[in-house]
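Enquirer: Can you build the whole structure from these sequences, using the hints too?
Protein chains in written order, with this note's numbering: chain R, 54 to 160; chain X, 54 to 160; chain P, 949 to 1255; chain Z, 949 to 1255.
Simulated from the structure, these hints should not be mistaken for laboratory data.
Model, not experiment: these values are computed from the prediction.
Worth double-checking, as some hints may not be accurate.
[To be verified] Examples of chain Z residues lying across from chain P (beta carbon under 10 Å, computed):
| id | residue |
| --- | --- |
| 1 | Asp999 |
| 2 | Tyr1073 |
| 3 | Gly1093 |
| 4 | Val1097 |
| 5 | Ser1143 |
| 6 | Asp1168 |
| 7 | Trp1170 |
| 8 | Pro1223 |
| 9 | Lys1231 |
| 10 | Glu1234 |
[To be verified] Partner residues are not named here, just some residues of chain P that face chain X (Cβ under 8 Å, in silico):
| id | residue |
| --- | --- |
| 11 | Asp1014 |
| 12 | Gly1218 |
| 13 | Gly1236 |
Note that CB positions come from ideal geometry on N, CA and C, so glycine has one too.
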Amino acid sequence: MAVFQVVNRTTGDHFTCQEGQSVLKAMEQRDLKCVPVGCRGGGCGFCKIQVLEGHFECGKMSKRHAPPEAVEKGEVLACRIYPLTDLIIECVPLPEAAPAKQTTKNR
Amino acid sequence: MAVFQVVNRTTGDHFTCQEGQSVLKAMEQRDLKCVPVGCRGGGCGFCKIQVLEGHFECGKMSKRHAPPEAVEKGEVLACRIYPLTDLIIECVPLPEAAPAKQTTKNR
Amino acid sequence: MKKGVMRPGHVQIRVLDMDEAVKHYTDLLGMIETDRDDQGRVYLKAWTEVDKFSLVLREADEPGCDFMGFKVVDEAALNQLEKDLVDYGVGVEQIPAEELKDCGRRVRFTVPSGHAFELYADKKYTGKWGVSSVNPEAWPRGLQGMKAVRFDHCLFYGPELAAVYDIFVNVLGFHLAEQVLDPEGTRVAQFLTVSMKEHDVAFIHHEEKGKFHHASFYLDTWEAVLRAADLISMTDTSIDIGPTRHGLTHGQTIYFFDPSGNRNEVFCGGDYFYPDHKPVTWKTEELGKAIFYHDRVLNERFMTVLT
Amino acid sequence: MKKGVMRPGHVQIRVLDMDEAVKHYTDLLGMIETDRDDQGRVYLKAWTEVDKFSLVLREADEPGCDFMGFKVVDEAALNQLEKDLVDYGVGVEQIPAEELKDCGRRVRFTVPSGHAFELYADKKYTGKWGVSSVNPEAWPRGLQGMKAVRFDHCLFYGPELAAVYDIFVNVLGFHLAEQVLDPEGTRVAQFLTVSMKEHDVAFIHHEEKGKFHHASFYLDTWEAVLRAADLISMTDTSIDIGPTRHGLTHGQTIYFFDPSGNRNEVFCGGDYFYPDHKPVTWKTEELGKAIFYHDRVLNERFMTVLT
Chain R
54 MAVFQVVNRT
64 TGDHFTCQEG
74 QSVLKAMEQR
84 DLKCVPVGCR
94 GGGCGFCKIQ
104 VLEGHFECGK
114 MSKRHAPPEA
124 VEKGEVLACR
134 IYPLTDLIIE
144 CVPLPEAAPA
154 KQTTKNR
Chain X
54 MAVFQVVNRT
64 TGDHFTCQEG
74 QSVLKAMEQR
84 DLKCVPVGCR
94 GGGCGFCKIQ
104 VLEGHFECGK
114 MSKRHAPPEA
124 VEKGEVLACR
134 IYPLTDLIIE
144 CVPLPEAAPA
154 KQTTKNR
Chain P
949 MKKGVMRPGH
959 VQIRVLDMDE
969 AVKHYTDLLG
979 MIETDRDDQG
989 RVYLKAWTEV
999 DKFSLVLREA
1009 DEPGCDFMGF
1019 KVVDEAALNQ
1029 LEKDLVDYGV
1039 GVEQIPAEEL
1049 KDCGRRVRFT
1059 VPSGHAFELY
1069 ADKKYTGKWG
1079 VSSVNPEAWP
1089 RGLQGMKAVR
1099 FDHCLFYGPE
1109 LAAVYDIFVN
1119 VLGFHLAEQV
1129 LDPEGTRVAQ
1139 FLTVSMKEHD
1149 VAFIHHEEKG
1159 KFHHASFYLD
1169 TWEAVLRAAD
1179 LISMTDTSID
1189 IGPTRHGLTH
1199 GQTIYFFDPS
1209 GNRNEVFCGG
1219 DYFYPDHKPV
1229 TWKTEELGKA
1239 IFYHDRVLNE
1249 RFMTVLT
Chain Z
949 MKKGVMRPGH
959 VQIRVLDMDE
969 AVKHYTDLLG
979 MIETDRDDQG
989 RVYLKAWTEV
999 DKFSLVLREA
1009 DEPGCDFMGF
1019 KVVDEAALNQ
1029 LEKDLVDYGV
1039 GVEQIPAEEL
1049 KDCGRRVRFT
1059 VPSGHAFELY
1069 ADKKYTGKWG
1079 VSSVNPEAWP
1089 RGLQGMKAVR
1099 FDHCLFYGPE
1109 LAAVYDIFVN
1119 VLGFHLAEQV
1129 LDPEGTRVAQ
1139 FLTVSMKEHD
1149 VAFIHHEEKG
1159 KFHHASFYLD
1169 TWEAVLRAAD
1179 LISMTDTSID
1189 IGPTRHGLTH
1199 GQTIYFFDPS
1209 GNRNEVFCGG
1219 DYFYPDHKPV
1229 TWKTEELGKA
1239 IFYHDRVLNE
1249 RFMTVLT
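Expert: Shown next as structure tokens:
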């Protein structure tokens, strides 16, 4: 089974990801936290990343958080991409309803 | 501690009863069933007996099932009498709402 | 709750010896004594109940149940229900406010099975016992014995079930959740609810009027029912039967007696009810299983030992 | 139930992949597939539910909740509630009978938090799954996975909680059972009930409209919640948090996600409610404990991960 390297350029973390495994799952298995973990089902958009280099396959993702034009540019959800080569990724800002706002309201 | 003999003349059963122990409890401890066991609290009248011979003390009993004039004549509830001597008892018919009636209705 | 009757609010039980009874309901059941009155009555509640009391003990020379009271949503509903009872031909008695301490006026009536019931709208709101209404902890420490959660329902034995049904269902807005039918289709047991619980009050046919089968108190879990059974033995309390499951309601239960011979139940689980549910029916041919789901036979005591 | 709204009757959830979703809700949660329609929607129910379905899955390119429906007691109540909504200024949409198979007409409206709700009076009565209405056994054999007892409630995130409160409480007859207040006394969470359950629907303040936090399914016991947690691991299902207890409602819970990222809860226990209960209040200063009673801190996911 092929094993690929994933490097997060934002945080400097790197980890291996097995063929058929999602980038997010590979990260969680190494107990890293360099990408936020949400629903793990392509639904909530919490684990959005930018793939800078490399090839991958996609599972189903919410069109709201990963519209086709964004996916085209490598803006995808880490829980739903499966590397075909080594990848270089970076973090992207969280979606509109950011935790900061909510926290302020509830403090 | 004194121990008394209780004889049930209706059924022929006999058993020992310790001082301070109710006749019904003593019977249950010997796994006998010669007096029906109800609430064991002097409330339901299910364990009514006639004391033919002997002396005893009484606990509180429902006046409905053991009115003073009946107690006077030795018609008491086995769960609430505590022998002071050997006793001879006999069974008495069950109170008005007899099981037979109920059983017929629900068969 | 369509006519405004909310829940079982209290039951007044006669006991032969008050001290023994209070010890039983506090130390063993885990209820909390909240007051006494100049008649010598003792008031108790279970910890989740928001009103001041749900159980009143009265010393008398014969055990049994004096009355069971239902709380209604407000005075307007009480007035309307009172009128509806009278219009239906049910005689009502006015019990003035404060006859039970910190309880508003009660409308008392006796149904054809011979049992007295009351409706009332007001009782002193004391909140749950031992937990705050702000940031409440999960449960209060310091509860005794079985840690009863609430007074839940009563089961009464008496005649004229059809007439009783009419009053509870047609006048008071209860629903028939479960029933037992004999081979002729006559209803010989009826479990009535006014909300989501499978029964708030139940009746089983019996020739003699006004008999009291049991008052029931809710526990959280089957584990708690087992622990209740342990406590019944530890305290040498008179046991009836259990722990087991009912077929009717499917509740998990144990029965025992208070020191005056009044039957108590503690139970957990069981089905829930909504007004669109069709009644569950048990046939008398399966009565044993309906009452005691595991043994599938009745113990004689359940049908005949009453106060 | 004072205005005739009875209970949560259904929720329609969008999923990215129908096959995966059906497998999740049947094999893991233990719901029963009862029908499919020509739109490709799949209908499911939990075993104690008497109507044909309580969960509708719709395949879409974005997960989330389409609407939640409440069953009302009858057509007259539905007409009155519809009129009351319109009089209150809430726009209603008519969804004809059979748009959902075997469901009567639905009155749909969207509240200011951006969530769509429906009222309906009729749905095909199929009875509890796997048990008879005559001499019913305690539970059906052959249930899968977590053996969910019923669809219980939803939690939604959105703005305008006060306006949402007004509609649910003043128009639809719900009650406020629990709330979270910020230091200024603004209600930032509201748990609303229409019957004895501690919540039939809940809202937490959130800037973005129309977000779905979770759909919740009732289990019988804490033991069943543990078993659910075991199954979540056995099936490598995405877990959120638990098993633990909530401070709010005191329910015992575990959260996880369906394969499209919609959050699910299974829970047991918790408090009960009657219309005379004063609301329970949690302060935002204790929000961690209010949500997760044992850890007493929030996990970030709970407040931010939504569909």
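Enquirer: Going by Cβ atoms only, is Lys1231 of chain Z closer than 10 Å to chain P?
Expert: holds, 6 Å
Enquirer: Checking hints one by one. Is Trp1170 of chain Z an interface residue toward chain P, by the C-beta closer than 10 Å rule?
Expert: holds, 7 Å
Enquirer: Please verify that hint: Gly1236 of chain P, Cβ, nearest Cβ of chain X, below 8 Å or not.
Expert: Given a least distance of 11 Å, the restraint on Gly1236 of chain P is violated.
Enquirer: Identify whether the interface hint at Asp1168 of chain Z stands, where standing means a beta carbon of chain P within less than 10 Å of its own.
Expert: holds, 7 Å
Enquirer: Given Gly1093 of chain Z as an interface hint, is the shortest Cβ-Cβ distance to chain P below 10 Å?
Expert: violated, 20 Å
Enquirer: Minimum Cβ distance from Asp999 of chain Z to chain P below 10 Å?
Expert: holds, 8 Å
Enquirer: Does Glu1234 of chain Z pass the interface hint, meaning its C-beta sits closer than 10 Å to a C-beta of chain P?
Expert: holds, 5 Å
Enquirer: Tell me if Pro1223 of chain Z is really an interface residue toward chain P, meaning its C-beta lies closer than 10 Å to one of theirs.
Expert: With Cβ-Cβ at 6 Å, under 10 Å, it holds.
Enquirer: Against chain P, is Tyr1073 of chain Z within 10 Å by beta-carbon distance?
Expert: holds, 7 Å
Enquirer: Can Gly1218 of chain P be said to touch chain X, with a Cβ gap under 8 Å?
Expert: violated, 22 Å
Enquirer: Quick one, is the Ser1143 of chain Z hint okay against chain P at 10 Å, beta carbons?
Expert: holds, 5 Å
Enquirer: Is the shortest C-beta separation between Asp1014 of chain P and chain X less than 8 Å?
Expert: Violated - the Cβ of Asp1014 of chain P stays beyond 8 Å from chain X, reaching only about 14 Å at its closest.
The structure shown violates the earlier hints numbered 3, 11, 12, 13.
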